[in-house]
Structure formats: structure tokens, C-alpha cells
Amino acid sequence: MAISMALSSISSSVSSSTSVGNPRRRALHLKTQRPRTVFLGSKVECGIRGVQHTDLSRNATFHSAKATLSELLRENTTSTSDLLLMHDEGLELYEDMILARSFEDMCAQMYYRGKMFGFVHLYNGQEAVSTGFIKSLRKDDFVCSTYRDHVHALSKGVPARQVMSELFGKATGCCRGQGGSMHMFSKEHQVLGGFAFIGEGIPVATGAAFATKYRREVLKDDKADAVTVAFFGDGTCNNGQFFECLNMAALWKLPIIFVVENNLWAIGMSHYRATSIPEIWTKGPAFGMPGVHVDGMDVLKVREVANEAIARARRGDGPTLVECETYRFRGHSLADPDELRKPDEKAHYAARDPIMSLKTYLIENNLASEGDLKAIEKKIDEIVEDSVEFAEASPLPERSQLLENVFADPKGFGIGPDGRYRCEEPGFTAGTAQV
Amino acid sequence: MESTALLQKVTAGMAFRGTPASLLSSSSASSHVARIKLGSRSVIRAVSRLSGLTVKATHLNAYGFGTMPHNSTALKTVNKAVAVKTETGSTATAQQGHELLLFEALREGLEEEMERDPTVCVIGEDVGHYGGSYKVTKGMAEKFGDLRLLDTPIAENSFTGMAIGAAMTGLRPIVEGMNMGFLLLAFNQIANNCGMLHYTSGGQFTIPIVIRGPGGVGKQLGAEHSQRLESYFQSVPGLQMVACSTPYNAKGLMKAAIRSENPVILFEHVLLYNLKERIPDEEYVLCLEEAELVRPGQDITILTYSRMRHHVLQAVKTLVSKGYDPEVIDIRSLKPFDLFAIGNSVKKTHKVLIVEECMRTGGIGASLRAAIMENFFDELDAPIGCLSSQDVPTPYAGPLEDLTVVQPPQIVFAVEQLCKH
Numbered sequence: 039m040a041i042s043m044a045l046s047s048i049s050s051s052v053s054s055s056t057s058v059g060n061p062r063r064r065a066l067h068l069k070t071q072r073p074r075t076v077f078l079g080s081k082v083e084c085g086i087r088g089v090q091h092t093d094l095s096r097n098a099t100f101h102s103a104k105a106t107l108s109e110l111l112r113e114n115t116t117s118t119s120d121l122l123l124m125h126d127e128g129l130e131l132y133e134d135m136i137l138a139r140s141f142e143d144m145c146a147q148m149y150y151r152g153k154m155f156g157f158v159h160l161y162n163g164q165e166a167v168s169t170g171f172i173k174s175l176r177k178d179d180f181v182c183s184t185y186r187d188h189v190h191a192l193s194k195g196v197p198a199r200q201v202m203s204e205l206f207g208k209a210t211g212c213c214r215g216q217g218g219s220m221h222m223f224s225k226e227h228q229v230l231g232g233f234a235f236i237g238e239g240i241p242v243a244t245g246a247a248f249a250t251k252y253r254r255e256v257l258k259d260d261k262a263d264a265v266t267v268a269f270f271g272d273g274t275c276n277n278g279q280f281f282e283c284l285n286m287a288a289l290w291k292l293p294i295i296f297v298v299e300n301n302l303w304a305i306g307m308s309h310y311r312a313t314s315i316p317e318i319w320t321k322g323p324a325f326g327m328p329g330v331h332v333d334g335m336d337v338l339k340v341r342e343v344a345n346e347a348i349a350r351a352r353r354g355d356g357p358t359l360v361e362c363e364t365y366r367f368r369g370h371s372l373a374d375p376d377e378l379r380k381p382d383e384k385a386h387y388a389a390r391d392p393i394m395s396l397k398t399y400l401i402e403n404n405l406a407s408e409g410d411l412k413a414i415e416k417k418i419d420e421i422v423e424d425s426v427e428f429a430e431a432s433p434l435p436e437r438s439q440l441l442e443n444v445f446a447d448p449k450g451f452g453i454g455p456d457g458r459y460r461c462e463e464p465g466f467t468a469g470t471a472q473v
Numbered sequence: 033m034e035s036t037a038l039l040q041k042v043t044a045g046m047a048f049r050g051t052p053a054s055l056l057s058s059s060s061a062s063s064h065v066a067r068i069k070l071g072s073r074s075v076i077r078a079v080s081r082l083s084g085l086t087v088k089a090t091h092l093n094a095y096g097f098g099t100m101p102h103n104s105t106a107l108k109t110v111n112k113a114v115a116v117k118t119e120t121g122s123t124a125t126a127q128q129g130h131e132l133l134l135f136e137a138l139r140e141g142l143e144e145e146m147e148r149d150p151t152v153c154v155i156g157e158d159v160g161h162y163g164g165s166y167k168v169t170k171g172m173a174e175k176f177g178d179l180r181l182l183d184t185p186i187a188e189n190s191f192t193g194m195a196i197g198a199a200m201t202g203l204r205p206i207v208e209g210m211n212m213g214f215l216l217l218a219f220n221q222i223a224n225n226c227g228m229l230h231y232t233s234g235g236q237f238t239i240p241i242v243i244r245g246p247g248g249v250g251k252q253l254g255a256e257h258s259q260r261l262e263s264y265f266q267s268v269p270g271l272q273m274v275a276c277s278t279p280y281n282a283k284g285l286m287k288a289a290i291r292s293e294n295p296v297i298l299f300e301h302v303l304l305y306n307l308k309e310r311i312p313d314e315e316y317v318l319c320l321e322e323a324e325l326v327r328p329g330q331d332i333t334i335l336t337y338s339r340m341r342h343h344v345l346q347a348v349k350t351l352v353s354k355g356y357d358p359e360v361i362d363i364r365s366l367k368p369f370d371l372f373a374i375g376n377s378v379k380k381t382h383k384v385l386i387v388e389e390c391m392r393t394g395g396i397g398a399s400l401r402a403a404i405m406e407n408f409f410d411e412l413d414a415p416i417g418c419l420s421s422q423d424v425p426t427p428y429a430g431p432l433e434d435l436t437v438v439q440p441p442q443i444v445f446a447v448e449q450l451c452k453h
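These protein sequence lines map, in sequence, to chains A and B. Residues 39 to 473 (this note's numbering) make up the first sequence, in order. Residues 33 to 453 (this note's numbering) make up the second sequence, in order.
Misleading hints may appear alongside valid ones.
Said to hold, decoys possible - 20 Å max Cα-Cα, derived PhoX-like pairs, lysine-lysine: (1) K261(A) x K251(A); (2) K417(A) x K173(A); (3) K167(B) x K308(B); (4) K251(A) x K175(B); (5) K175(B) x K258(A); (6) K225(A) x K153(A).
What the hints assert, rightly or not - Selected chain B positions facing chain A (in silico; Cβ < 7 Å): (7) D178; (8) L179; (9) G193; (10) S267; (11) P269; (12) G270; (13) E321; (14) A414; (15) P415.
The hints are simulated quantities; they were obtained by calculation from the structure and are not laboratory data. All C-beta atoms in this analysis are idealised placements derived from N, C-alpha and C, irrespective of residue type, glycine included.
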């Protein structure tokens with residue numbers, strides 16, 4: 039199999055083609071009759087010998103060989119039947135990324151106009167990761183995110199209106215205005231959050247994957263094969279919950295994919311200053327799962343890896359750790375002055391804008407015309423404008439909403455002095471909660 | 033001779049710790065008659081002085097202390113012989129039902145719920161093959177399988193989070209902390225996700241999880257294994273907390289907690305696992321929010337929970353012999369408080385003593401005092417008394433450890449002080 043041979047040859051050919059400093063794009067062509075890859079199902083580690091540590095300067099290039107699919111599967115054909123994706127798929131990806139970008143830009147505008155408050159973390163620049171993974175999921179698959187979750191919710195299918203309302207703190211928001219920017223949940227679209235503390239969502243995602251396995255094996259539901267995707271950043275990869283969950287997921291072969299959105303910065307802390315071994319993908323094999331590094335600014339590459347990892351999880355072969363090298367074009371949050379990142383680093387990644395890359399690819403390969411893409415951009419503009427109007431027009435939550443969701447069973451507020459449950463008293467929701 | 037008969041009865045009474053009534057019934061009312069205070073050396077001395085015989089105290093004060101916190105009077109003629117009332121409301125009639133130990137009662141409740149609902153599962157360290165470090169889940173892994181009794185690696189924060197994720201997506205997990213203190217490591221998940229996620233998701237996801245484990249001060253387990261976490265978790269909104277104290281309420285509360293849609297923390301106690309009681313054969317589920325009236329009375333309301341219930345009952349025997357009639361309520365629900373039961377009692381007795389094993393600072397007693405003061409201030413004839421553990425890391429040495437926890441003589445003394453009002 040070409041891939042396992044390629045794997046073993048990786049160690050001898052140290053390549054840094056997708057490391058920092060190389061903006062060249064590679065079109066990714068595959069044979070239509072793709073043989074089943076054993077790469078991600080293989081127990082063989084990535085054949086890497088002697089990974090060298092980078093030095094701690096921020097601009098150091100990776101010396102380790104990275105198992106990117108573009109290196110493994112480089113072919114040279116130009117037939118259209120070999121192209122990675124069809125017209126519709128390309129437009130779908132483009133639309134999703136444009137929605138993400140426009141929505142986040144609108145959030146920034148609304149924030150500075152005083153419509154939303156608190157901590158707002160924008161996803162500009164990282165769209166390829168969200169689109170690449172989530173567009174390959176089914177509706178019943180789970181997504182679990184962090185505070186940078188607007189776009190994960192949007193990609194998963196939560197209507198832009200509901201997300202914008204939530205950000206405005208209105209009662210029509212997806213969480214009734216009670217969650218806010220950092221707590222996007224949707225039962226209908228299986229978005230499990232939205233967590234403010236980093237690392238907090240990874241065990242929750244692991245639990246959703248465990249529930250799938252439980253359904254399959256204990257409740258004997260053959261159709262239970264929902265996959266869970268957990269998104270988190272490079273800073274989280276130094277947190278205990280990350281490692282504990284890698285261990286448990288590999289131990290029990292849970293159908294989960296751990297996606298690291300490595301944008302090199304945790305607020306003002308450079309990844310290289312915080313991490314003894316910056317290659318996060320190497321930590322997967324340490325726990326018994328494949329670790330894959332992918333160019334997170336290229337939606338097609340991400341999508342390819344995502345499809346492979348999702349298929350692997352769905353057939354019951356266990357978890358995968360995917361490290362996406364990506365970048366956020368804005369600061370950590372709208373309150374971040376973003377002074378520590380060097381302009382040339384920003385410029386380098388701006389040149390690798392995932393939306394521009396996809397646009398170029400689609401046009402060069404005649405998968406879409408400028409007109410198609412303009413139409414999509416216009417459509418998205420309208421959707422985003424509409425979401426703002428909807429959010430503006432929506433009512434703020436009533437006072438009676440304050441105590442409504444504290445307990446799923448409001449008997450939890452207890453029995454009052456008069457013998458009735460507090461929740462049964464007529465003026466209860468108008469007052470403050472008393473235990 | 034009368035003295036010999038009295039001596040026999042004295043030693044018999046002390047050996048059996050029987051009710052004083054049986055001792056007194058055959059004795060004429062005279063200055064020779066003494067109320068046997070169990071463990072009271074001063075009475076033993078008085079009796080031996082009276083009867084001219086040397087009476088050896090076969091039952092010393094269980095705590096090895098020479099002095100009592102109060103000066104007990106030598107002799108007291110008691111006109112009414114009041115037997116200690118048996119516990120009402122909490123046990124079935126004597127001959128029906130089956131007898132078991134508290135940990136077996138927990139297991140019974142757990143098994144019944146797991147049979148009833150296949151989504152109920154247990155997640156924790158050593159709950160499967162090992163059967164639980166306190167044998168609560170013994171034999172269950174063979175019956176239900178390894179996935180329903182999931183042995184986890186030692187990662188409390190993560191497996192509690194995992195249980196929360198599983199609860200959000202349709203399962204009903206029970207997280208066992210091998211010792212409650214270990215759940216301090218899971219505080220992130222318990223506070224942020226368990227308690228708050230239902231709210232921050234706007235009610236979309238429920239978390240019907242039960243978190244349980246043994247806590248409290250044991251027998252010289254050391255500071256870190258002797259923690260009482262109820263005071264730390266009580267501030268987390270969205271959580272319910274209950275504490276069991278007898279096999280009957282352990283089984284009932286376990287079943288109720290599993291069936292509840294809210295996240296519930298069930299506090300068990302290391303020293304209570306071997307309590308034996310006869311419980312009903314038929315299925316029963318207790319109410320999570322209600323308190324339990326252990327002993328009705330008139331003079332004072334004693335509010336307690338978990339192990340301290342048994343210390344209180346021990347003190348009650350002494351108090352009854354001294355002529356007091358305390359009402360004992362096991363509050364069971366640490367959050368929220370059953371203000372109806374508590375309020376009714378306060379309105380009857382007008383004096384309250386809280387006896388708890390929590391630390392003094394910021395404990396359950398502190399919250400309970402505030403709640404009673406807020407709601408029933410006009411009913412009170414005296415300040416609310418609160419006996420809590422000392423704000424001390426539990427020492428290893430036996431006598432020191434006993435000093436940190438409330439003991440029955442302290443309870444007796446406190447009741448006497450309060451009843452002077």
C-alpha cells in the first residue's frame with residue numbers, strides 16, 4: 039500500500055513544506071477509486087525517528103516530519119474526475135466559511151456599538167477547521183467547543199438569528215440569553231457547548247462519545263454510531279483534562295475526535311513558551327491513538343483528514359487526535375489589544391486566508407464562477423443583516439425567567455415554611471431564589 | 033440484702049445499657065435508688081458509697097476522658113420512668129421486612145434502579161471488578177457488565193465531566209467518589225458543568241447525575257480522608273444535596289436521587305456503612321427535599337444529619353434520663369432545607385440546637401441558622417445553638433480526632449444550657 043511505504047519513508051525525508059514560512063498551496067488530487075487507507079486505522083506509529091525539539095524562538099521552523107496527507111498522497115493528474123470535491127460541495131464549504139467570517143465581523147461591529155458585552159472571542163482566520171470538520175458530520179453527531187464557539191454553532195446548523203440573539207442577550211437566543219457568547223448550546227443540533235474554562239468541554243465530549251458506545255453495547259442499539267468532535271486550542275493541550283481524556287478515549291475506543299486548533303497563541307502566551315514539546319500531534323500515539331497534523335488554513339486538507347477520522351470513529355476503531363495549524367486574525371477577544379504578535383507573522387497567515395484559498399481553488403479548477411461566489415456572499419450578507427435585525431427586535435428576558443432553568447425539576451428549590459414547594463408559590467418567579 | 037440486689041441491678045443495667053425503667057421497677061422509692069446515667073462515674077461512685085460496696089464501672093466513658101463537661105449531681109430521685117422512645121417513622125414494623133447493613137441497602141437501591149432503567153450506570157474508581165472500596169457495588173459488575181459499572185482511571189475531574197457529558201446525551205450516571213474528599217479534584221466539573229450547565233444552556237440539557245461517596249470523619253483516617261464537602265458544594269446553584277444516615281433512608285434517598293432530573297450529591301459516611309436495620313420488602317422511594325422526624329418532643333429541636341444523628345440519639349438517652357424531651361429531626365436534605373418540618377418543630381419547642389459534623393466556618397449549620405433566623409425569628413426563645421466540628425484539619429491521633437468532632441456529652445451540655453432560657 040502506497041501509504042504505508044510513504045509512512046516509512048517519511049523518517050528519511052524530513053520535509054518542512056507546510057511549516058511556517060511556506061505559503062505555497064498544493065492542490066490535492068486523489069484517485070476516484072481510493073483504496074481504503076490504513077493510515078488512520080494503523081497501529082504503526084508515524085515512523086518518525088528522532089523528533090528534534092524546536093528552539094524556543096517563535097519563528098523556528100519545525101524540524102520534525104509531519105504526516106500531512108498532501109505529502110503522503112501526492113499524485114499528478116489533472117483530470118476533473120480526480121478533483122477533491124464536486125461543485126456543490128465546494129459551494130457549501132465556501133458558503134459556510136463566508137457565513138463564519140461575515141458573522142464574526144458583524145459581532146465585532148455590534149460589540150463596538152454596545153449591543154453585546156463581556157468577553158467575545160472571534161474565529162476569523164480559523165474557518166477552515168470548523169467548516170472542514172463540521173460539514174462532514176451528520177445532524178446527530180455531537181460538537182463540543184470552547185469559548186470561541188460562535189462558528190462551531192453556525193457550522194453545525196444553529197440559525198444565525200439564534201446565535202446573534204444569544205449574543206445580544208435576548209430571550210430568543212439559543213440559550214434564552216442565559217449563556218452568552220461563551221455558552222452556545224443547542225439540543226436540536228447537538229452542540230454541547232460553549233465552555234468558559236479551557237479544557238472543561240473535553241470530558242463532556244468524552245462523555246457524549248461514551249454514551250454512544252453505551253447505546254451500542256449495552257442498549258443494543260445498532261444504529262448508535264454518532265461521532266463526537268471536541269474542539270479546543272493549543273493552550274488547552276497543557277491541561278490535565280486533555281491528557282486524562284486522551285487516555286480514557288483510547289482505553290475504551292470511544293468514537294471521538296480531538297481537534298486541536300493550534301493558533302500558536304493562548305491570549306499572550308506563545309505556544310512555544312508554554313509547551314515543552316510543541317508538536318501536539320505526537321501526543322496522540324503516546325496514548326494509543328493516531329496523531330495527525332494538518333494545515334488548518336486549507337479547508338480541503340482539513341476535510342480530508344476529518345472524513346478519515348470520522349469514518350474511523352464511526353466504524354468503532356476509536357479516537358483520533360488532529361492538530362490543525364491555524365491562526366486567528368483578530369486578538370484573543372475583542373478586549374485583547376493584540377500587541378505581542380509580530381506583524382510579519384500576521385501577514386504570513388493573512389496570505390493563507392482560508393477563504394481566499396478556497397476561492398482561488400474553486401475558480402482555478404472551474405468548480406465555480408465568480409458570479410456563484412458573489413451570489414453566495416450576497417446571500418450571507420442578507421442572512422447576517424437579518425440576524426441582527428431579529429436580535430435587535432427581540433425582547434429581553436423577563437424577570438420571571440431568572441429562576442426558571444436553575445433546576446430541571448424545580449422541586450429542587452425545596453419546601454417553604456408553609457409546606458408548599460417553593461416553586462408552587464405564586465410569586466416565586468418574581469422574587470430572588472432562597473434556599 | 034437490698035444492697036446486693038441493687039448492686040446486681042446496677043451492674044446488670046450498666047452491662048446491658050438497658051433502660052433505667054427496668055432497674056427501678058422493683059425498687060422502692062428511697063434514697064438508695066439511683067438513676068443510672070450510662071457511663072457516669074460520679075453516679076457509680078455515689079451508688080457504691082450508698083450501698084457500702086465497691087462498684088466497678090464496667091462501662092467506662094467511651095471516649096476515655098476522666099472528666100465530664102458538666103458536674104453531674106450525685107443522686108436524683110426520679111418520679112417518672114421514661115423509657116427511651118424507639119425511633120418512629122423510619123423503620124418498618126419489627127417482624128416484616130429484611131435486615132441489612134447500610135452499604136447493602138445502598139446496593140439494593142442501586143440494583144433496583146439499574147434493573148428498572150437500563151440507562152443507569154455507575155462510573156468511578158474500583159466500582160466494577162473490585163466491587164467498590166466500601167463494597168457498595170459488590171457483585172454488580174458480574175451482573176450488569178463492565179460498561180455499566182465502569183472502572184475508571186484515577187482522573188476525577190475528567191470522569192466526572194465524562195459522566196456529565198453522558199448525562200447530557202441521555203444516560204443517567206452515578207459517579208462514585210472513592211472518598212468524598214477526592215471529589216475536590218472534580219470541583220471544576222461539579223461547580224461549572226453539573227450545577228450550572230442546565231441554566232447556561234437555557235434549559236436545553238438536563239444533567240440527571242448522582243454524585244455519591246463516603247465522607248466525614250472516620251477512625252483515624254487522617255486529615256485528607258476525613259473531609260466534609262457539603263459546606264463547599266452548598267453554594268453551587270443548581271445542585272441538590274442529601275445525606276443518608278440509616279439503611280432505610282440510604283436506600284430511599286439513593287433511589288430518589290437516581291430518579292431525579294436534577295444533579296444530586298448524596299453524602300454517605302464512612303462510619304455508618306455497617307449500621308444494621310430492618311427495612312421494608314416493598315419498594316419505596318423517599319422524598320429528596322423532606323426532613324425526617326426521628327423523635328418527637330417538646331423541649332427543644334435538635335437538627336442534625338448523617339453520623340451526628342447517632343451521636344444525638346446517644347445524647348438523647350442521657351437527656352431523657354435527666355427529664356428532657358428533645359425533638360430530633362434528621363434534616364436529610366442539606367440543600368434545600370425542609371423549612372416546613374423545621375418550622376413546625378421550632379414553633380413547638382421555640383429552641384433550636386444544630387448538631388453537625390461540618391466545620392464551624394461556612395458549614396451547613398451556618399446556613400441553617402441563617403435560614404431559621406430569617407423565617408422563624410419570632411418563634412425563638414433562645415439564640416440558635418450550633419455544635420460543629422472544630423476548624424481543624426482532622427488529626428490522626430485518636431483523642432485529638434475525637435475532640436474535633438461533636439460528642440454526645442457536649443450535646444447534652446448544650447441542650448441543658450439552651451433549655452435554661
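Each hint, compared with the structure:
no.: 1; hint: K261(A) x K251(A); result: 11 Å, holds
no.: 2; hint: K417(A) x K173(A); result: 19 Å, holds
no.: 3; hint: K167(B) x K308(B); result: 15 Å, holds
no.: 4; hint: K251(A) x K175(B); result: 19 Å, holds
no.: 5; hint: K175(B) x K258(A); result: 16 Å, holds
no.: 6; hint: K225(A) x K153(A); result: 26 Å, violated
no.: 7; hint: D178; result: 10 Å, violated
no.: 8; hint: L179; result: 5 Å, holds
no.: 9; hint: G193; result: 2 Å, holds
no.: 10; hint: S267; result: 10 Å, violated
no.: 11; hint: P269; result: 6 Å, holds
no.: 12; hint: G270; result: 5 Å, holds
no.: 13; hint: E321; result: 5 Å, holds
no.: 14; hint: A414; result: 20 Å, violated
no.: 15; hint: P415; result: 20 Å, violated
Taken one by one, the earlier hints fail for this structure at numbers 6, 7, 10, 14 and 15, listed in ascending order.
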